[in-house]
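Chains as they are written, first to last, in our numbering: chain A, 4 to 283; chain B, 16 to 774; chain C, 68 to 234.
Heads up, a few of these hints could be off.
Label pairs and their in silico Cβ distance ranges [claimed, not checked]:
hint : chain 1 : residue 1 : chain 2 : residue 2 : range
1    : B       : Asp44     : A       : Glu154    : 29 to 35 Å
2    : C       : Gln228    : A       : Ala88     : 50 to 56 Å
3    : A       : Ala88     : B       : Ala443    : 45 to 51 Å
4    : A       : Ala236    : B       : His746    : 35 to 41 Å
5    : C       : Gly98     : B       : Ala575    : 55 to 61 Å
6    : B       : Val419    : C       : Gly98     : 51 to 57 Å
Selected chain C positions facing chain A (Cβ under 7 Å, derived; list incomplete) [to be verified]:
hint : residue
7    : Ser80
8    : Val83
9    : Arg86
10   : Asp107
11   : Thr115
12   : Thr127
13   : Leu151
14   : Asn184
Bear in mind the hints are in silico, worked out from the structure with no lab data behind them. Beta carbons: idealized from backbone N, C-alpha and C, even for Gly.
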Amino acid sequence: MIPGPFELVRATSVDEAVAALVEHGDDAKILAGGHSLLPLMKLRLAMPGVLVDIGGIPGMSYVRVEGDEVAIGAGTRHHELEKDAVAAAEVPILPCTAGQVGDPQVRHRGTIGGTVAHGDPASDLPTALLALGGDVVVQGPDGRRTVPLTEFFLGFFETALAEDEVIVEIRVPRTGSAGWAYEKFTRRANDWPIVAVAAVGHRTGGVGGPYGVALANMAGSVVRATATEEALARGASIAEAAALADEGTNPSADMHADQEYRRHLARLLTRRALERAAAA
Amino acid sequence: MSILGTRVVRTEDALFLTRGATYTDDLVDDRLTGALHATFVRSQVAHGRVLAVDASAAREADGVVAVYTAEDVDLVPIPPGRPMVPPAMTRPWFAGDTVRFVGDLIAVVLTEERYQGEDAAELVSVDIEPLPAVVTTADALADEVLVFPEAGTNLMAAFGEPAPADFFDGCEVVVRQAVVNQRVAPVPLETRAAAAAWGEDGRVTIFCSNQGAQQAKAQIAGWLGLDPAVVHLVTPDVGGGFGAKIGADPEFALVAWLARQTGRPVTWVESRSENLVGMLHGRGQDQVVAIGGRRDGTVQAYSLVVDQDCGAYPRLGPVLPRLTVLMAPAVYAFPKVHAQARAVATNTTPIGAYRGAGRPEATAAVERAVDLFAAEIGMDPAEVRRKNLLPAFSEPHTTATGAVYDSGDYAAALDKVLAAGGYGELRAEQARRRERGDVRQLGIGLSVYVEITGADNGLGAGESAGMEVHPDGTATVLTGTSPHGQGHATAWAMIASEQTGIPVDRITVVHGDTDLIPRGAGTMGSRSLQQGGVAVHRAATELVELARQRAAEQLEADPADLEFDLGSAALGVRGTPGTGVTLAQLAEQEPLLVRTRFDAGGPTFPFGAHLVVVEVDTESGKAEVLRVVTVDDAGTIVNPLLAEGQRHGGIAQGVAQALLEEVRYDADGNPQTSTLADYPFVSATELPSFELVDMATPTPMNPLGAKGIGESGTIGSTPAVHNAVIDAVAHLGVRHIDMPTTPMKVWRAVQQAQQEGTH
Amino acid sequence: MQVSMTVNGRQRSDDVEPRLLLAHYLRDVVGLKATNIGCDTTSCGACTVIVDGLSVKSCTLLAAQAEGARVTTLEGLAGPDGELHPMQRAFREEHGLQCGFCTPGMVLAAIGVLADNPDPSDREVREGLEGNLCRCTGYHNIVRAVQSAARSGPAAGQVPQGPEAAR
């Protein structure tokens with residue numbers, strides 16, 4: 004199958020990309036790695052009239068320490084993040100999670116900005132990012148703004164990114180040697196997770212107390228396991244806290260899992276993730 | 016030393032690995048210059064009345080040359096082609112009144128460029144009034160909604176009678192269980208493809224991806240009402256078939272018909288999404304097994320009742336359960352065996368053959384039944400099997416259902432696999448884990464199987480072969496088989512080389528061209544070696560005999576005094592050095608070729624035993640296959656490299672069915688698994704490397720002693736994996752879980768068993 | 068629109084539709100038919116080629132996205148004298164292919180696996196090939212082939228670079 008026809012704009016700078024988005028409005032889509040968008044277009048589930056290719060914009064791929072944060076360029080490909088030494092030292096959950104996205108070929112093309120912008124409730128890196136907390140830096144016609152990750156994922160393939168904005172950077176706290184784990188449950192290694200759980204210890208207590216915990220595929224978007232985080236902050240045991248992981252979630256039912264099973268997996272994987280994180 | 020039995024690497028691979036094979040969609044052929052691209056419009060509704068098909072917008076689209084719908088086609092609908100199927104169950108070329116499955120053909124768009132086809136197909140507007148859909152065999156057997164109202168029933172075929180009421184009388188224990196042998200998708204990596212061009216001579220050349228050119232040609236000619244003499248069918252390289260490419264599909268015939276209508280060559284290649292609804296599916300049986308016997312482990316009676324889902328139109332579906340019924344007695348000496356089957360139409364993709372085609376379903380049923388019986392009486396499943404296996408036999412054995420097994424030693428196969436697997440230690444490790452209450456429990460699954468290969472019903476008598484030696488010393492072998500991964504180019508060359516002394520790399524094997532090879536049955540049902548390979552053996556033998564006659568004339572010698580020297584491929588007078596004349600020299604004088612055929616006159620019955628070890632995470636329900644140990648006895652092996660490859664692939668497909676794969680429909684007959692993102696095709700990460708154990712009991716049915724090997728792996732591994740997963744959680748009270756044993760199903764079974772256990 | 072890239076060492080420039088997928092560009096414009104298409108959903112990996120040293124699925128890349136890139140297909144692996152690439156040789160010797168349809172993508176993905184990890188375990192090979200589906204071999208001999216190629220030396224994880232690879 005093949006995408007419907009479209010016009011391709013090759014942006015050479017973020018400014019140019021934003022200008023193209025402004026010009027073409029909701030008929031335009033950003034093309035980064037293309038591994039979320041092109042599959043949809045081939046099935047004709049998406050038919051944008053204009054694609055703005057940001058793959059050729061220089062300087063969008065980097066991982067660097069800036070104060071207490073790690074800044075990751077939106078164009079950083081999954082395999083680059085997977086192999087990145089700075090990320091491994093400063094925020095090790097990210098390279099590990101990046102290494103579990105899709106398969107090697109997908110990781111060679113897909114970008115962190117692309118997966119964040121896509122807003123898929125079952126995607127790996129957004130789950131880990133949400134557990135970390137931090138910000139998404141976006142650029143629009145009025146310049147740059149910063150959106151906390153906790154406010155970025157709004158619903159089913161819906162994010163805080165406006166139609167005329169481009170993600171330029173992701174900023175997350177340095178977790179260093181704090182414990183972490185990403186528990187991904189699939190039938191086959193390269194499937195989307197049926198449920199996944201990211202747990203990250205915060206050196207400073209962090210936004211959610213001692214651990215940030217986020218869930219994939221338990222609601223319309225990736226979500227934090229707030230009840231679990233709060234219980235841990237209150238000093239609850241891992242088992243007690245994990246038993247609350249599905250509270251407030253609204254998982255979908257499909258052929259892989261009904262709601263009851265997904266809720267069970269969320270609790271189970273949260274317990275396992277926290278146990279691993281605590282053991283680290 | 017004979018080349019037979021040695022690990023010759025494939026001759027076809029040099030090309031496959033450097034330029035790639037040439038599949039139908041890869042053809043660069045003058046006859047196809049300027050071809051139009053066909054894009055089919057298919058029903059998105061499982062069952063409904065077609066109110067309107069409006070192609071006017073599509074006809075105006077860029078590059079569109081023509082659009083055809085039901086009203087533009089005057090061909091006679093495709094008849095069922097099977098005497099037991101009600102004749103009203105015909106298949107229209109395009110649905111004009113009724114659509115019967117998601118994927119049913121509604122229209123075709125012909126465009127100059129391939130990309131234009133998808134754009135234009137989207138513009139064909141189809142208005143369908145949905146009808147209630149027949150989705151399950153139970154729906155079908157209710158006969159409340161009819162897939163073919165004209166037929167008055169959904170029943171396509173029936174075999175056997177219900178078991179007599181006293182069937183299990185005298186049994187101390189009787190276990191009954193409904194068992195699903197789920198519908199799966201064959202998914203050859205190459206989707207279906209066809210191309211056709213009419214020549215000025217009034218003949219049509221059809222290229223298509225199939226498992227037997229001659230059969231496909233006969234079907235297409237019949238459907239289109241063509242004189243078979245005008246049809247030249249060519250099978251290019253084929254990217255896997257697994258039974259789903261047996262014969263022709265309606266789309267192939269339409270491509271030829273459209274080429275005639277438009278006066279231009281036409282090509283078609285389907286997308287995977289189209290393939291997963293449009294190509295035949297496999298399996299699809301709802302079974303009820305019942306097994307009764309004594310508490311000492313002796314089985315006294317076994318019953319199998321099968322409801323076969325045939326999908327919307329009759330292909331091989333109505334025939335498959337006949338094989339299931341035939342093979343119901345399996346490897347056992349059960350005193351009483353009952354088998355019965357019904358085959359029904361549903362509003363789903365038609366069912367055809369898939370690796371094993373009717374026999375895996377029989378093995379899955381009985382091997383599950385034996386495990387259920389063993390669990391019920393608390394006996395080791397290996398012991399129950401050993402107690403009930405047929406003793407070794409080398410004279411034909413006739414079963415309760417009339418199958419005549421050629422040779423077998425099932426207990427030896429079981430013993431070998433138990434020894435290779437370290438069965439005793441595995442059970443000990445399992446006991447330790449159970450004792451400790453580990454989260455990850457061990458499951459050990461067994462199966463002992465016998466299957467039928469080369470059961471050539473309706474394919475004609477045997478298989479054809481030809482051989483010609485050329486003046487340059489090379490040779491051509493012609494075969495009626497139709498390789499699509501099996502390695503016939505190598506194996507047939509080995510067989511010919513063994514007889515003629517011509518090196519394998521000097522022998523070219525030709526197949527799949529109905530002008531060059533008018534007669535042939537193709538590759539299916541693991542028949543190729545025991546029919547086609549043996550036919551090549553005969554051709555090579557006859558060629559040497561022909562050469563002997565010619566050489567005798569030339570040397571003015573008695574043929575009986577001539578000696579054939581394999582090393583030089585030459586005939587000379589015995590004891591008189593320097594008199595030799597080579598096959599190549601004889602070919603210089605006059606073409607040196609023979610055409611022959613071989614018919615074994617009956618099938619063979621390969622057998623074996625599989626042992627599978629799985630680990631089940633009892634908290635999540637996820638099963639992981641740790642080991643697959645198999646004994647697969649296919650008689651004499653021509654090329655162990657190829658035979659092992661067949662076993663590997665077969666095992667993987669069996670694991671896939673037991674663990675992962677299932678074609679699913681919702682209650683309205685909408686497919687839920689119509690892309691490879693949704694259909695869980697087994698990948699390398701779900702499989703271990705396999706442990707193969709050799710065993711070879713030659714068959715008396717052919718001079719090579721070879722049985723079929725293509726499907727054994729699947730037939731043996733499916734129940735072994737299935738049994739292993741259930742075994743892993745049996746101590747928690749789980750008795751049965753249907754395939755595929757998905758994490759959710761396993762988890763739920765454990766939950767339910769524990770709830771029941773606490774009551 | 069105009070796209071330029073190096074395919075198997077040979078520089079090309081072609082006028083194409085923006086939506087043309089790299090897989091179709093290679094097959095239908097360049098005429099290199101080894102690259103196969105087995106699905107619509109970036110699942111099967113049959114279309115895998117090497118772009119700038121990394122394996123990618125050419126069905127999920129616009130030809131335009133390969134602008135300026137160096138692309139290697141199966142046809143670009145063997146030497147000018149027909150000498151097989153170590154991975155090709157290993158697939159042949161270990162019977163790592165049957166119908167051949169997944170093979171071009173599998174061989175290129177396997178080279179990618181070794182580029183990443185020159186001495187992978189059985190499990191690591193399987194994980195490295197998780198994006199490539201094969202229906203025939205059960206992956207058993209593919210894994211053996213990749214490990215055998217690994218033992219043959221570092222060339223097994225490299226693609227030919229120069230124009231001498233052009234065919």
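Outcome of the hint check:
At about 60 Å, the beta-carbon gap between B:Asp44 and A:Glu154 misses the expected band of 29 to 35 Å. C:Gln228 and A:Ala88 have their C-beta atoms about 26 Å apart, which leaves the hinted 50 to 56 Å range violated. Between A:Ala88 and B:Ala443, the C-beta spacing of about 46 Å keeps the proposed range 45 to 51 Å intact. Range check, A:Ala236 to B:His746: about 40 Å between beta-carbon atoms, so the 35 to 41 Å window is met.
Our hint of 55 to 61 Å for C:Gly98 and B:Ala575 holds, since their Cβ atoms are close to 57 Å apart. B:Val419 and C:Gly98 have their C-beta atoms about 54 Å apart, which keeps the hinted 51 to 57 Å range intact. Interface hint status for C:Ser80: violated, as the beta-carbon distance to the closest one in chain A is roughly 15 Å, over 7 Å. Nearest Cβ of chain A to the Cβ of C:Val83: about 10 Å, over the 7 Å cut. The hint is violated.
The restraint placing C:Arg86 at the interface with chain A holds, with a minimum CB-CB distance near 5 Å, inside the 7 Å limit. Restraint check, C:Asp107 versus chain A: the minimum CB separation of about 4 Å is within 7 Å; hint holds. At about 6 Å, the closest approach between the beta carbon of C:Thr115 and any beta carbon in chain A falls short of 7 Å, and the interface hint on this residue holds. Hint status for C:Thr127 relative to chain A: holds, with the closest Cβ pair at about 5 Å, below 7 Å.
A least Cβ separation of about 23 Å between C:Leu151 and chain A goes past the 7 Å threshold, and the interface hint is therefore violated. Violation of the interface hint for C:Asn184 is found here, the shortest Cβ-Cβ separation to chain A being roughly 10 Å, above the 7 Å cut-off.
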